[in-house]
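Student: In case you want the letters, here they are:
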Amino acid sequence: MERSIVSRGKTVEQAIDRALTLLEASKQQVSIEIIDEENKGLLGFNVRPAVVKVTLMQESPDHAVTDETGRASSSVHPASLSNASEQESPGLTASRQQLSVLDAGQSPASAANTNPSSSKQKAASPVQDGQIWIEGGEMRVRIFPGGSLPKLDAFKSGDVLINGQPLLAGQTAEIGEFDHVEIALTEELREPLWQIQVEPKAMQASVHVEPGSHIRRYLLDTEPESRLMLRVGQRREILPIEPARIVEQLTMLGVVYGIDQEAIARACRASEPGEYIVARGTEPIPGVDGMFELRADTEAKKVQPKLRQDGTIDYRETREFPSVGEGDLIGVVRPAEPGQDGIDVFGRSVAAPPVRQVQILAGKDVTLSDDGLQAIAQRAGMPTQVKQGYHIKLSIVPKLMQSGDINLSTGNIHFLGDVEISGAVQDTMQVEAEGNIHIRGNINMANIVAGQSLIVNANVISSQVVVGQMYLFYGQIAPLLQSIAEQCELLKAAIRQVSSASAFKLDDMDEHGLAPLFKVLFQGRFRGMHEVLQRMVKLKEQYAQLPGDDWKRYYDELQRGFLTGESSHFRTADDLESFIRRTRYLYSVVVVPAMEQIFARLHHVQNSHVRCGGNLIIEKGCYNAHLFCEGHLQADGTLRGGTYHAVGGMTIQEAGSPGTGSTSLHVGAKSVIRAKKILAGTTIHVGERIHQFTKDMEHVVVRINSDNEFVWHGE
Amino acid sequence: MFSYRLQEQDGRMIVYCEGDIDIDAGDLIEEQLEPALQEQQQVVLNLEQVHFVDSSGIGLLIGLVQGLKEQERIVSLEHVQPEVMEVFELLQLDEILGKDVFS
Chain F
1 MERSIVSRGK
11 TVEQAIDRAL
21 TLLEASKQQV
31 SIEIIDEENK
41 GLLGFNVRPA
51 VVKVTLMQES
61 PDHAVTDETG
71 RASSSVHPAS
81 LSNASEQESP
91 GLTASRQQLS
101 VLDAGQSPAS
111 AANTNPSSSK
121 QKAASPVQDG
131 QIWIEGGEMR
141 VRIFPGGSLP
151 KLDAFKSGDV
161 LINGQPLLAG
171 QTAEIGEFDH
181 VEIALTEELR
191 EPLWQIQVEP
201 KAMQASVHVE
211 PGSHIRRYLL
221 DTEPESRLML
231 RVGQRREILP
241 IEPARIVEQL
251 TMLGVVYGID
261 QEAIARACRA
271 SEPGEYIVAR
281 GTEPIPGVDG
291 MFELRADTEA
301 KKVQPKLRQD
311 GTIDYRETRE
321 FPSVGEGDLI
331 GVVRPAEPGQ
341 DGIDVFGRSV
351 AAPPVRQVQI
361 LAGKDVTLSD
371 DGLQAIAQRA
381 GMPTQVKQGY
391 HIKLSIVPKL
401 MQSGDINLST
411 GNIHFLGDVE
421 ISGAVQDTMQ
431 VEAEGNIHIR
441 GNINMANIVA
451 GQSLIVNANV
461 ISSQVVVGQM
471 YLFYGQIAPL
481 LQSIAEQCEL
491 LKAAIRQVSS
501 ASAFKLDDMD
511 EHGLAPLFKV
521 LFQGRFRGMH
531 EVLQRMVKLK
541 EQYAQLPGDD
551 WKRYYDELQR
561 GFLTGESSHF
571 RTADDLESFI
581 RRTRYLYSVV
591 VVPAMEQIFA
601 RLHHVQNSHV
611 RCGGNLIIEK
621 GCYNAHLFCE
631 GHLQADGTLR
641 GGTYHAVGGM
651 TIQEAGSPGT
661 GSTSLHVGAK
671 SVIRAKKILA
681 GTTIHVGERI
691 HQFTKDMEHV
701 VVRINSDNEF
711 VWHGE
Chain Z
1 MFSYRLQEQD
11 GRMIVYCEGD
21 IDIDAGDLIE
31 EQLEPALQEQ
41 QQVVLNLEQV
51 HFVDSSGIGL
61 LIGLVQGLKE
71 QERIVSLEHV
81 QPEVMEVFEL
91 LQLDEILGKD
101 VFS
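From first to last, the protein sequence lines stand for chains F and Z. Position 643 of the first sequence, counted from 1, bears residue number 643 in UniProt numbering, the numbering being contiguous throughout. Position 32 of the second sequence, counted from 1, bears residue number 32 in UniProt numbering, the numbering being contiguous throughout.
Just so you know, these hints were derived from the structure itself, not from any lab. Mixed in with the good hints, there may be bad ones.
Stated by the list, open to error - BS3-like mimics (lysine-lysine), calculated; alpha carbons at most 27 Å apart, straight line: (1) F:K552 - F:K492; (2) F:K492 - F:K201; (3) Z:K99 - F:K505; (4) F:K492 - Z:K69; (5) F:K552 - F:K620; (6) F:K540 - F:K505.
Just so you know, these numbers come straight off a predicted model, no measurement behind them.
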């Protein structure tokens, strides 16, 4: 450790000799700094002593560190700063102030040399007590002959050393003229920490910054007193990051595009920890897929139904089912509009998601224009489209016209196209059509299955009605497929992750595929996916006839892949890839655009079950009926007794039966029930929320909000 | 090759497992170890000497621990190697078996 002594003498030589004696050192071991040369004065006036600072040089290199920190703080005398380079070292550094002020204090004049504020001097009384103070961060003492010695209070045990002895907390020491006082001041240096992260899609790079700081501590100045209590002040300086280092690191990572210099500058100057986006890619702009626009629909709406002479309705003139005449334009293809590619922070081009063209396949009685963009009907009938991904097969469906009733004498009807019946359907008879069905008369104790839409102009009594079976299936399976596709992506990532763990062996996959791993994952992270898979299987059991081979293959793959338990045909994460593709394809098939949605329109329903894949319109009312529809239910009469499910919400006149609680209304969580009147005893279900009316209520509009609470409007 | 050694200690049955817990350990775990632990109130599986696992082996481990826990026995895994623990964590074994098993 370094020791310094400030010494005074009549001449420079005298002052040095005196210091050397005190330090027990030779001239070779010290550095000498002449602070003030003596002034011999003129005729005895203005005599000033010489002042020197003698510093004992370091002897052992072992003490190098202490030496440096010692030097760092040896701002004891401003004059010594010239050779005291500020050293910064990480972490906590302890610096010790070394002070040893040698002041004979014999005459006021000599004391005044070390005390610039000579005004304090003037107050001196003949016999004065010693004074101690901090000035400019250093300790000063002045001792007068005959006066008492000034006192120093410890401020923390061990922080003050007097002649090498620690002054404990609570202790007080007298400081004499030859005492050597060291005060330890800590400083903290925290280097700024920062890290650059490029997000997986490389569309942005961010830097996380923990700002660095330098906390310096210094002694606060005090007035000269006989007793000194040390007080320490501190300054916190933010250590900024050099922006060039961040830019350099970005370059090293290969980030070249979308660099935000301003954000870098902000990050570098940050005083609080934070995340700064320092480079941003340009997202690709998705294009628009091609689509097929049906023209026949809008034209047909203009005309009113017209009775034929034989009492049947002219199909082409009912507005509900679109129809075309021979040579009519069925519709046009709107070409896809490609998107715009983006660019990521690595400067790589990011392809916009591909857009798909729709392609029309000409089916029965349909011809296409040369460019394939226009479809024309070859004969009158009902245009139907079958979607196969982005292929649309258009055909004109023939129609079976049945005048009179369907009964035991006519037999059941099974037809590939549309069916129109001018009379009633009676007595356990069955009418099944892949297209639309239009029945003018009553349906009594019968069974109706329409592949597309259904119109019944009279009553449905004690019957079973299914409308748009495929759409019912689609409506239920769509959310499951979406969930499977999402979960499979996560599953793929999880398999890759665990496969790369060093303690994980892959041997059993040769024999059993991923089945053992699925078994574990389905109990843990992917319990939800397992539930969805099981709901898929249950759904399949509900629909005995799946629409098409695609579904059969898909279900087969799903069952053998995930649910057989012992072994799976999926062996690697990559195997899931094609399964995910097929899942997404089927999802695109089942998400039916609104224009293709089917509907059922019935007059009055009693003691019957009706299931509809689209919207359901009841012209009059229902009595003890059980309705389910994927779309919206509109009833212009009363729903008295029974259960009414409408996923897409309902708008009704009146519901409930006086005095009984036998009527219940159900809509999806995002849907609304609107009713002119709901009678006491009626139960409503919105999503999972249930409410039973205790009194009649009019003009009811009810839904649930995002907190799953009922929101009411009504009287 | 998987093997184990049983040692009773302070009323707890310590199962010192050694080798890989994998598909080949199935017979030993299901036919010998499981029956051997039926009477024990408190079972500790010491996995210090287990350095590799596969998904079948983890399935066996889950079966063993769940079987014992269903009978309200106290089961815990101890001295799991960090590499093996990584696999357990990725598969969220603590969720499946209960966090108490890892304490």
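Student: So, against the hints stated earlier in the document, which numbers end up violated here?
Tutor: 4, 5 and 6
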